[in-house]
Amino acid sequence: TTYEDFIGGYRFDADGNPTFTNGILWEKIDQALADDEEKHILILDEINRGNISKILGECFTALDRGGNYRVKVNKLVGTAVDKEVMTIPENLYIIGTMNTSDLSLTKIDDALRRRFAFVRMLPSSCTLRKLTDDSALENGLITKLFDFVNANIELSLGSDGQKIGHAVFLLDDLFSEDDEKYVWNSWSDLRLFFNYTLHPLIESKTLGKPEIMSKILGKLNNIFDDDTFIKDTMFSVLYDRDEDDEATEED
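When we follow our numbering, the leftmost residue of the sequence shown carries the number 2, and every step to the right adds one.
Hints in this document: simulated from the structure, not taken from any laboratory.
Keep in mind that the hints are not guaranteed to be accurate.
Each computed DSSO-like pair below joins lysine-lysine, with the alpha-carbon atoms no more than 27 Å apart [as the list claims (entries may be wrong)]:
no., residue 1, residue 2
1, LYS73, LYS131
2, LYS210, LYS220
3, LYS131, LYS232
4, LYS216, LYS206
5, LYS131, LYS84
6, LYS145, LYS182
7, LYS232, LYS206
8, LYS182, LYS210
9, LYS232, LYS182
10, LYS182, LYS216
What follows is a set of in silico ranges between Cβ atoms, one per label pair, in the way DEER data are often shown [claimed, not checked]:
no., residue 1, residue 2, range
11, ARG50, SER125, 54 to 64 Å
12, SER54, ASP228, 22 to 32 Å
13, ASP37, THR98, 44 to 54 Å
Glycine included, every Cβ here is placed at the ideal spot set by N, Cα and C.
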């Protein structure tokens, strides 16, 4: 996202002619002012992925609701571009999300921090359980794996910020519109997810140190080439049981 996308600016058409277009923020301000009985929300997803100071420019101070700063910004009104005072209406709520575990992203400076209230949202096994259906494998298996991995990450790395979010387990290909859930119905899907998504993600958090990988995953610290192998290992690690135990119970 650029300043021109978010606030407004000139864009060139196919013939090279410049045309001024209001950005997302101006549009949301106008919507909120036109419908002041309703609450309006603007979500800035992963706000720390961009240079927010550069994107906001001089509008940075407009985030101070009720402040003494008067920020005039170019705006298209009708067919004319003029300087307008930008004020954030009381019924417009700006929410920014950020991933604190990704250390490669831009840090949020103190000037921006004081203009937002920070609410910490930790990975939620309850949310994951509500959104998944793993009955074809074992009821609660995905949540059990999620809790197992995150509990050991916290023990080994000592930081809640390093935990794996529940969204990692919500694969688009598994979403069922009929059930409105993410349906895990194949050990092959779980094996491929574990081998090529979950295991590498944990490996990156541990900087590939084998001793820490072993502490976190135990017997699951493996790349599985067989569905039965991963199934048996998961039952052994997560439920402390194996196929022989199941066979005995069936007899």
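Taking the hints in turn, this is what the structure says about them:
no., hint, result
1, LYS73 <-> LYS131, "47 Å, violated"
2, LYS210 <-> LYS220, "16 Å, holds"
3, LYS131 <-> LYS232, "23 Å, holds"
4, LYS216 <-> LYS206, "13 Å, holds"
5, LYS131 <-> LYS84, "49 Å, violated"
6, LYS145 <-> LYS182, "17 Å, holds"
7, LYS232 <-> LYS206, "25 Å, holds"
8, LYS182 <-> LYS210, "35 Å, violated"
9, LYS232 <-> LYS182, "22 Å, holds"
10, LYS182 <-> LYS216, "32 Å, violated"
11, ARG50 <-> SER125: 54 to 64 Å, "22 Å, violated"
12, SER54 <-> ASP228: 22 to 32 Å, "50 Å, violated"
13, ASP37 <-> THR98: 44 to 54 Å, "26 Å, violated"
In this structure, the hints that do not hold are numbers 1, 5, 8, 10, 11, 12 and 13, in rising order.
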